[in-house]
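**Q** Residue numbers (our numbering), protein chains in the order written: chain A, 1 to 594; chain B, 1 to 163; chain C, 1 to 312.
Read the hints as simulated data drawn from the structure, not as lab findings.
Among the hints, erroneous ones may be present.
[To be verified] On the chain C side, residues computed to face chain A include the following (Cβ under 7 Å):
# : residue
1 : 42
2 : 47
3 : 55
4 : 59
5 : 65
6 : 121
7 : 269
8 : 272
9 : 276
Beta carbons: idealized from backbone N, C-alpha and C, even for Gly.
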Amino acid sequence: MSKVDKILICGGTGCISSGSGKLVNGLRAALAGAGLEIPVVLTGCHGFCEQGPLVIMEPQGVFYRRVQVEDAEEIIAKHIKGGEVVERLLYTEPTTGEAALTYKDVQFYAKQQRMVLKNCGHIDPENIQEYIAAGGYEGLAKVLKTMNGDQVVEEVKKSGLRGRGGGGFPTGIKWQSTRQAEGTKKYVVCNADEGDPGAFMDRSVLEGDPHAVIEGMLICGYAIGADEGYVYVRAEYPLAIKRLSIAIAQAEEAGYLGENIRGSGFNFRLKIKAGAGAFVCGEETALLNSIEGERGMPRPRPPFPAFKGLWQKPTTLNNVETFANVPVIFRNGADWYASLGTEKSKGTKVFALTGKVNNTGLAEVPMGITMRQIIFDIGGGIKDGKKFKAVQIGGPSGGCLPEELLDLSIDYDSLTAAGAMMGSGGLVVMDETTCMVDLARFFLNFTQKESCGKCIPCREGTKRMLEILQRITDGKGQQSDIETLERLAKVIKSTSLCGLGQTAPNPVLATLRYFRHEYVAHIEEGKCPAGVCTALLSYFIEPETCKGCGLCAKNCPVGAITGVVKEPYTIDTAKCIKCGVCITKCKFGSVQRR
Amino acid sequence: MSSCCQCGNVVPDPRQQQLAEVFKKYAGQKGALIPVLQGAQDIYSYLPAEVLKQIADALNLPFSKVYGVVTFYAQFHLKPRGRNIVRVCLGTACHVRGGAKIFETIRNELQIGDGETTADLRYTLESVACIGACGLAPVIMVNADTHGRLTPDKLKAILAQYE
Amino acid sequence: MSQVTLTINGQKVTVPAGSTVLDAARLLGLEIPTLCYDPMLSKPGACRMCIVEIPGMRNLPASCVTPVAEGMVVETHSEAVVEARKTIIELLLANHPNDCLTCERSGDCKLQQYAYEYGVREVGIQGEFHQYEIDESNPYILRDMNKCILCGKCVRVCAEIKGENVIDFAYRGFNTKIAPALDTKLAESACVYCNNCVSVCPVGALVDRRLAGKGRTWEVEQEPIICTFCEAGCNFNLLKKDGKVVGVAAAKAAPGRPMCLKGRLGLELIHNPNAAPAYLKKDGEFVEVPWAEALGLEGILAKLLEKGQKAE
Ligand SMILES: Cc1cc2nc3c(=O)[nH]c(=O)nc-3n(C[C@H](O)[C@H](O)[C@H](O)COP(=O)(O)O)c2cc1C
Ligand code: SF4
Ligand code: SF4
Ligand code: SF4
Ligand code: FES
Numbered sequence: 001m002s003k004v005d006k007i008l009i010c011g012g013t014g015c016i017s018s019g020s021g022k023l024v025n026g027l028r029a030a031l032a033g034a035g036l037e038i039p040v041v042l043t044g045c046h047g048f049c050e051q052g053p054l055v056i057m058e059p060q061g062v063f064y065r066r067v068q069v070e071d072a073e074e075i076i077a078k079h080i081k082g083g084e085v086v087e088r089l090l091y092t093e094p095t096t097g098e099a100a101l102t103y104k105d106v107q108f109y110a111k112q113q114r115m116v117l118k119n120c121g122h123i124d125p126e127n128i129q130e131y132i133a134a135g136g137y138e139g140l141a142k143v144l145k146t147m148n149g150d151q152v153v154e155e156v157k158k159s160g161l162r163g164r165g166g167g168g169f170p171t172g173i174k175w176q177s178t179r180q181a182e183g184t185k186k187y188v189v190c191n192a193d194e195g196d197p198g199a200f201m202d203r204s205v206l207e208g209d210p211h212a213v214i215e216g217m218l219i220c221g222y223a224i225g226a227d228e229g230y231v232y233v234r235a236e237y238p239l240a241i242k243r244l245s246i247a248i249a250q251a252e253e254a255g256y257l258g259e260n261i262r263g264s265g266f267n268f269r270l271k272i273k274a275g276a277g278a279f280v281c282g283e284e285t286a287l288l289n290s291i292e293g294e295r296g297m298p299r300p301r302p303p304f305p306a307f308k309g310l311w312q313k314p315t316t317l318n319n320v321e322t323f324a325n326v327p328v329i330f331r332n333g334a335d336w337y338a339s340l341g342t343e344k345s346k347g348t349k350v351f352a353l354t355g356k357v358n359n360t361g362l363a364e365v366p367m368g369i370t371m372r373q374i375i376f377d378i379g380g381g382i383k384d385g386k387k388f389k390a391v392q393i394g395g396p397s398g399g400c401l402p403e404e405l406l407d408l409s410i411d412y413d414s415l416t417a418a419g420a421m422m423g424s425g426g427l428v429v430m431d432e433t434t435c436m437v438d439l440a441r442f443f444l445n446f447t448q449k450e451s452c453g454k455c456i457p458c459r460e461g462t463k464r465m466l467e468i469l470q471r472i473t474d475g476k477g478q479q480s481d482i483e484t485l486e487r488l489a490k491v492i493k494s495t496s497l498c499g500l501g502q503t504a505p506n507p508v509l510a511t512l513r514y515f516r517h518e519y520v521a522h523i524e525e526g527k528c529p530a531g532v533c534t535a536l537l538s539y540f541i542e543p544e545t546c547k548g549c550g551l552c553a554k555n556c557p558v559g560a561i562t563g564v565v566k567e568p569y570t571i572d573t574a575k576c577i578k579c580g581v582c583i584t585k586c587k588f589g590s591v592q593r594r
Numbered sequence: 001m002s003s004c005c006q007c008g009n010v011v012p013d014p015r016q017q018q019l020a021e022v023f024k025k026y027a028g029q030k031g032a033l034i035p036v037l038q039g040a041q042d043i044y045s046y047l048p049a050e051v052l053k054q055i056a057d058a059l060n061l062p063f064s065k066v067y068g069v070v071t072f073y074a075q076f077h078l079k080p081r082g083r084n085i086v087r088v089c090l091g092t093a094c095h096v097r098g099g100a101k102i103f104e105t106i107r108n109e110l111q112i113g114d115g116e117t118t119a120d121l122r123y124t125l126e127s128v129a130c131i132g133a134c135g136l137a138p139v140i141m142v143n144a145d146t147h148g149r150l151t152p153d154k155l156k157a158i159l160a161q162y163e
Numbered sequence: 001m002s003q004v005t006l007t008i009n010g011q012k013v014t015v016p017a018g019s020t021v022l023d024a025a026r027l028l029g030l031e032i033p034t035l036c037y038d039p040m041l042s043k044p045g046a047c048r049m050c051i052v053e054i055p056g057m058r059n060l061p062a063s064c065v066t067p068v069a070e071g072m073v074v075e076t077h078s079e080a081v082v083e084a085r086k087t088i089i090e091l092l093l094a095n096h097p098n099d100c101l102t103c104e105r106s107g108d109c110k111l112q113q114y115a116y117e118y119g120v121r122e123v124g125i126q127g128e129f130h131q132y133e134i135d136e137s138n139p140y141i142l143r144d145m146n147k148c149i150l151c152g153k154c155v156r157v158c159a160e161i162k163g164e165n166v167i168d169f170a171y172r173g174f175n176t177k178i179a180p181a182l183d184t185k186l187a188e189s190a191c192v193y194c195n196n197c198v199s200v201c202p203v204g205a206l207v208d209r210r211l212a213g214k215g216r217t218w219e220v221e222q223e224p225i226i227c228t229f230c231e232a233g234c235n236f237n238l239l240k241k242d243g244k245v246v247g248v249a250a251a252k253a254a255p256g257r258p259m260c261l262k263g264r265l266g267l268e269l270i271h272n273p274n275a276a277p278a279y280l281k282k283d284g285e286f287v288e289v290p291w292a293e294a295l296g297l298e299g300i301l302a303k304l305l306e307k308g309q310k311a312e
């Protein structure tokens, strides 16, 4: 095996919470103790969070997962000194049971096409030189030297890039409007609010490759004639804010931000604004209000931000991933970019794959591939050998796709037609143990809590829809409930002021479209087919099979299980909070749920 | 500066000094309200009414507007909070992996509801929608520590670690 | 300015570019219900009562904030529009006290009017509703936020006309509420009781306490009167019952000027023989004060007296 010259450790939020911070320090100390001078680099997110902390031994790319600080000595002794792979730290494919040696052997990565995420996990995000060495700021240099604003806009239009933040609006046209809008003061704003619960690609890009976003914003600023930009980052992302601040400072020092950038005469300054905890601030006009220090209540459109945006000045607002695509386009050319993807959706899309799937993490794939490829080839299939039921795409604004649609080629338009939405690209996989009514209730609870309260249909309507869904999952559904849900959904969608209200009913409509029978079962038969809605089920112990080991009682968090050792135990249903721990603990399958 | 000092402090409060620094940093900046509120909350760990009034005066904004902004954003707190902030993720990924049960269990254990603080100020319980660690679902955060891949039976021990 | 021609409910109309669909419809004399729109104030497009159908647009846009376009076709009362308006009214009623029998604004309330016009008799949706304490903390304005529909007019009038910014939106979502700073009672706020907000509130959430019980809108005659206390000349209404003045209501501020409490009280003193006493806030408490003090005439009186003494 070749000599190790660099060790990459993932420093994304997921891996840090799994202990990669400790690991870095421990490994560095152990290396120093062994007299070895191998650099240990804390990178951005590799997007395979579940397996974290992740370690890559370069140059070969040997891939270790779930590495703890205790493993440092063994890695040094066996791998670095002994030239042998530490087998037990390798990743095993859930589908084949085979161990993957290097990064490239892991199916999760092999099946992806990483363009936007190319640098994430492979460069040190806190070092601008590594970004430059990987081809960074080349696109900007080309733009500044050889193109004018109109040509930049044309190039983006030609690439076919569409907004990755949700709506899929053509980016070039947005830039063109802002460029043509009257006024000398203009702004570029990057939407890094990423509020969709279950999406974390924007966080990973900011943590792993912040300069790509800066470069994209610079190119945009040059194209539209702006000299100032803001990145609005949600407050829950402290690490992204930190990495971005470092990147901005380094870019300023290197002359990529500030006055007369690289001698071109182009000036651009960038500021960070931290959000304060409001999902609706992901909506563009609410975001602008929030930057202005107001309540994040959306404004009516028109006027669109391209004409009257931040402080009433023409403003281009794009998503993190949208901006991160821009340097790729200018480095490789619009024609090359437009050759990827489908006719109307170009390039790649990063999906955040979570839920009941074996490999959770970030998957970047060309537009147009099927859900089956993402979930089964990249995601390694459903966890614990369970059966796939549906996948929620687009978060609280989106909808679910059932098994019949697994082979749908996914792009902006096909998803909308199927009653879902690309949204941010959050994919939550659900198996037979997910109740679809409960899922709809979950999303409505979210949107209802996050409604800004400005307009009547969303403020009052989502509340009523939630109450109805709550009633159904509590086993108190009424015959007329489905009809009322549909009526409210229609009005809320068609009359709400902003996208939050206009899409809030989608999860209900999609589950009603594909899983109506589950609603009916709750209402008419008083049953939750997935066994989730606690009001509709209770836990009990089968006296015939209970061996009286008492393990369940020991683990019950509320002490609802009592009994005498070696005799059948019983559950006090009044005390039981239906957490289900006992089921997982009983070795004899005696705990039942009905 | 504000006249409404009901606390009767005579000794200069070091926090007041820090607050003055925050005001200085953002003096004359557009859209300064939210960063100033964030700065003030970092100092006081919540936003006492007198501080809000001071902020309104310092930024020359209507007091009613400052209150409106503070109550709009989930990040801002008007009441003192516990020494340990327990955040239970109820995002989608955590939801489908049993986040609600985790929340229920903690609620039972601490005997407080969402957004509430125990009488001894030891814990504040909050539900959050996604902390971006979906790969580890279900997760909770206690202060800055993330605890992932949880089951209800692990919670007692985790909570006990925080005094 | 260039002109734009569009078709509303089959009728052609030509309006200046930049007008809204609502403006154009009103020009044709077409009635579109509105709750948050007020020509004096900025337009939030919040209530969604004024929605219309415009083929080619994805949803039902709010006419008060939708600019006209050449060749645009608009339906103000299509089936979808009427159904949506009914549902919006129903949603408001589901969170509104069933109190029209004793409400001061009965007969003069937009919610009541639209519920009647659109025939919303039954509220098929039920659930949680607000139970706020009614604010009777001061002698001038009664605030019942349970009746508030959150149109935001009071906030805008207080900020945009009055420049006082006493109240604002607070909280969010279903819990959104109009509140003074720290959500106190009005008496503890910086309110000056100009009643601008009362004059724009479309429902019974804000009521002039001095007029409470003085008669329903159909019982009283309203006589517009212009205040002459200062050169601004704000608009008020003398409320008359059986030919006798029973009260003075704030109507509309003069352009560029706020209305004031002094003007209203002054008019009452002149026109209402049975005017209730005047109150002012002193040391945080409302106390009855002599009229001269309420009208700020004490200084002038003192000066006059002083002059008189000097002349002697
Ligand atoms: C309720 C709501 C939440 C949104 N949240 C986000 C978000 O978190 N991130 C984002 O980029 N766009 C979000 N959007 C979409 C933005 O309004 C906007 O369309 C997008 O940022 C534009 O950028 P793009 O053209 O690059 O996609 C949200 C929209 C709505 C209605
Ligand atoms: S749709 Fe909802 S979030 Fe959007 S403006 Fe209306 S109330 Fe606010
Ligand atoms: S009475 Fe005047 S000052 Fe008081 S809240 Fe109403 S508009 Fe504002
Ligand atoms: S109090 Fe009246 S004017 Fe103010 S928001 Fe409520 S309904 Fe509108
Ligand atoms: S009147 Fe148009 S939205 Fe309220």
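**Q** Next, verify each hint and record whether it holds.
**A** Hints, one by one, checked against the model:
1. 42: It is violated, given that the least Cβ distance between residue 42(C) and chain A is near 10 Å, above 7 Å.
2. 47: Holds: closest Cβ of chain A sits about 6 Å from residue 47(C), inside 7 Å.
3. 55: For residue 55(C), the interface hint is violated, since the closest Cβ of chain A sits about 13 Å away, which is over 7 Å.
4. 59: Result: holds, 5 Å to nearest chain A Cβ.
5. 65: 4 Å, holds
6. 121: It is violated, given that the least Cβ distance between residue 121(C) and chain A is near 17 Å, above 7 Å.
7. 269: 41 Å, violated
8. 272: This interface hint is violated because 38 Å lies over the 7 Å limit.
9. 276: 36 Å, violated
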